[in-house]
Amino acid sequence: MKSKVVIAAAIALCLGAGVAGMASAAGEPQVVRQGLMKKVGGSLGALSAIAKGTKPYDAATVKASLSAISESAKAFPEQFPAGSETGFETSAAPAIWQNMADFKARAAKLGSDADAILASMPADQAGVAQAIEKLGADCSACHQTYRLKR
Amino acid sequence: MARTWTKLAAGVVAIAVAGVAVGIAVTKPQRQPADHWANLGAPDLANGEKVFWAGGCVSCHADPSAEGDALKIMSGGRALKTPFGTFHVPNISPDKHAGIGGWTLAQFGDAMTRGVGDDGEHLYPSFPYGSYARLTPKDINDLYSYLKTLPPSSNVALPHELSFPFNMRIALGGWKMLYLTDAPRVQLGSADEKVKRGQYLVEGPGHCGECHTPRDALGGFQKDKWLAGGPDPEGKGSIPNITPGSKKVGSWSEDDIANYLESGFTPDFDSVGGSMVDVQKNIAHLPKGDLQAIAAYLKSVPAR
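First to last, the sequence lines map onto chains A and B. Going by UniProt numbering, the first residue of the first sequence is number 1, and it counts up by one from there. Going by UniProt numbering, the first residue of the second sequence is number 1, and it counts up by one from there.
The following block holds chain A by itself, in its conformation from the complex (with noise of 0.2 Å):
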């Protein structure tokens, strides 16, 4: 009896641990940025759904996105501490941390240039298809130097 318990503590014990473990490893730097990409890239296809008129355009989703891209812009280059250039499948380039201040005014220029479209809301699905383009170019002149190829 008294062992049973004691087994049942340990897989109790060895479950929360794991847990834990997942809860620490969604903490880590590699991914929280990673997710925030994800969010960019969510919000990037709802606005594209739209600019393609796969979906019709909705003032809402239209806000919710770029709200969603500006805060994880800003949220973003706070993600990239000393110690986390490798691990957990990243494709952070070494660059990054080599020219830290051009970095992060990179996602300054998203988050800022998102605000702005913000401030003047799209009003129409070619609205929405310039928005896109704009926001578009920020990611590949971010991703040609500070992303690896994988």
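What the hints contain is simulated information worked out from the structure, not anything from laboratory work. These numbers come from a predicted model, not from an experiment. Just so you know, not all the hints are guaranteed correct.
What the hints assert, rightly or not - Think about it this way: if two alpha-carbon atoms lie no more than 30 Å apart in a straight line, the pair counts; the simulated DSBU-like pairs of lysine-lysine are:
(1) B:K281 - A:K55
(2) A:K109 - B:K281
(3) A:K39 - B:K247
(4) B:K248 - A:K55
(5) B:K81 - B:K28
(6) A:K38 - B:K236
(7) A:K38 - B:K288
Stated by the list, open to error - Covered stretches of chain B (in silico footprint by chain A; criterion: 3 or more residues with CB under 8 Å from a CB of chain A, positions within the stretch not fixed):
(8) 238-249
(9) 261-274
As the list claims (entries may be wrong) - Label pairs and their calculated CB-CB ranges:
(10) A:A75 - B:G250: 43 to 51 Å
(11) A:Q125 - B:T149: 33 to 41 Å
(12) B:Y179 - A:G27: 47 to 55 Å
(13) A:W97 - B:G19: 48 to 56 Å
(14) B:A284 - A:F88: 26 to 34 Å
(15) B:D35 - A:P94: 52 to 60 Å
(16) B:D119 - A:G35: 51 to 59 Å
(17) B:S190 - A:D115: 45 to 53 Å
(18) B:L45 - A:A108: 40 to 48 Å
(19) B:S163 - A:A116: 35 to 43 Å
For each residue, glycine too, the CB sits at the ideal point set by N, CA and C.
Given chain A, work out where chain B should sit, using these hints.
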């Protein structure tokens, strides 16, 4: 006895000299026959511009910081660092002295398709003539005429800085014997016009295989790994497999591929990155039909 040895040694030397002479003769730079460039008629400048963007001339020959209209100034000067040494990209603007303004169509065409310079010397395959060899004489003529319309630049590019034995241009004859061909890279079952156009664009002007196909120790393509990707020779990371066997690109539809080339976005809205950023910007100048043709071809090549 001594005389026999001397004779033998002399014989060996003679054979070696003859061997080298034959080797040099066999591997000397080979131009196209002059009539290759005959009867092409008036150049089509709009098509020349298409070939210009498909060929990605800008990526190497424009100043690295150039944007907008300045991209069309083919001043050269960019340094390409490779395991063989540093190549300095030449000026191909229409400047008569610093550029190629004084070249004839045949000189330009021989450089593009045979890797032969204006002095009859072998050119290094860092200039992807191994792909451009597939260009039709008409496309070469149209491109030649289009390049003449671009602004001249007086920039004089540095000579290449290569270590021995890579600084011996004569050795390039052997490399060409091994690898230079204008034959198709893959035999396709489909005779579809769209796929054929895609094959021409990818294997010829687009020179996609130059990065996306892994190379052997002598710098030639590994034939059975066409477009299969591999480690990035320029440094860290890797170059993606773009055949249907790729875990990533293989799952994209034709429309996904064409859309990526046009917009720079993957189907899950990741963006283009690395040296592909410039490639995508160039290729996006092509008409949609050509992007669809490239996509159709990439779906038709053997999965690797």
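Here's how the hints hold up against the structure:
| no. | hint | result |
| --- | --- | --- |
| 1 | B:K281 - A:K55 | 27 Å, holds |
| 2 | A:K109 - B:K281 | 20 Å, holds |
| 3 | A:K39 - B:K247 | 22 Å, holds |
| 4 | B:K248 - A:K55 | 26 Å, holds |
| 5 | B:K81 - B:K28 | 27 Å, holds |
| 6 | A:K38 - B:K236 | 23 Å, holds |
| 7 | A:K38 - B:K288 | 28 Å, holds |
| 8 | 238-249 | holds (count 3) |
| 9 | 261-274 | holds (count 10) |
| 10 | A:A75 - B:G250: 43 to 51 Å | 33 Å, violated |
| 11 | A:Q125 - B:T149: 33 to 41 Å | 36 Å, holds |
| 12 | B:Y179 - A:G27: 47 to 55 Å | 51 Å, holds |
| 13 | A:W97 - B:G19: 48 to 56 Å | 54 Å, holds |
| 14 | B:A284 - A:F88: 26 to 34 Å | 33 Å, holds |
| 15 | B:D35 - A:P94: 52 to 60 Å | 53 Å, holds |
| 16 | B:D119 - A:G35: 51 to 59 Å | 57 Å, holds |
| 17 | B:S190 - A:D115: 45 to 53 Å | 49 Å, holds |
| 18 | B:L45 - A:A108: 40 to 48 Å | 42 Å, holds |
| 19 | B:S163 - A:A116: 35 to 43 Å | 51 Å, violated |
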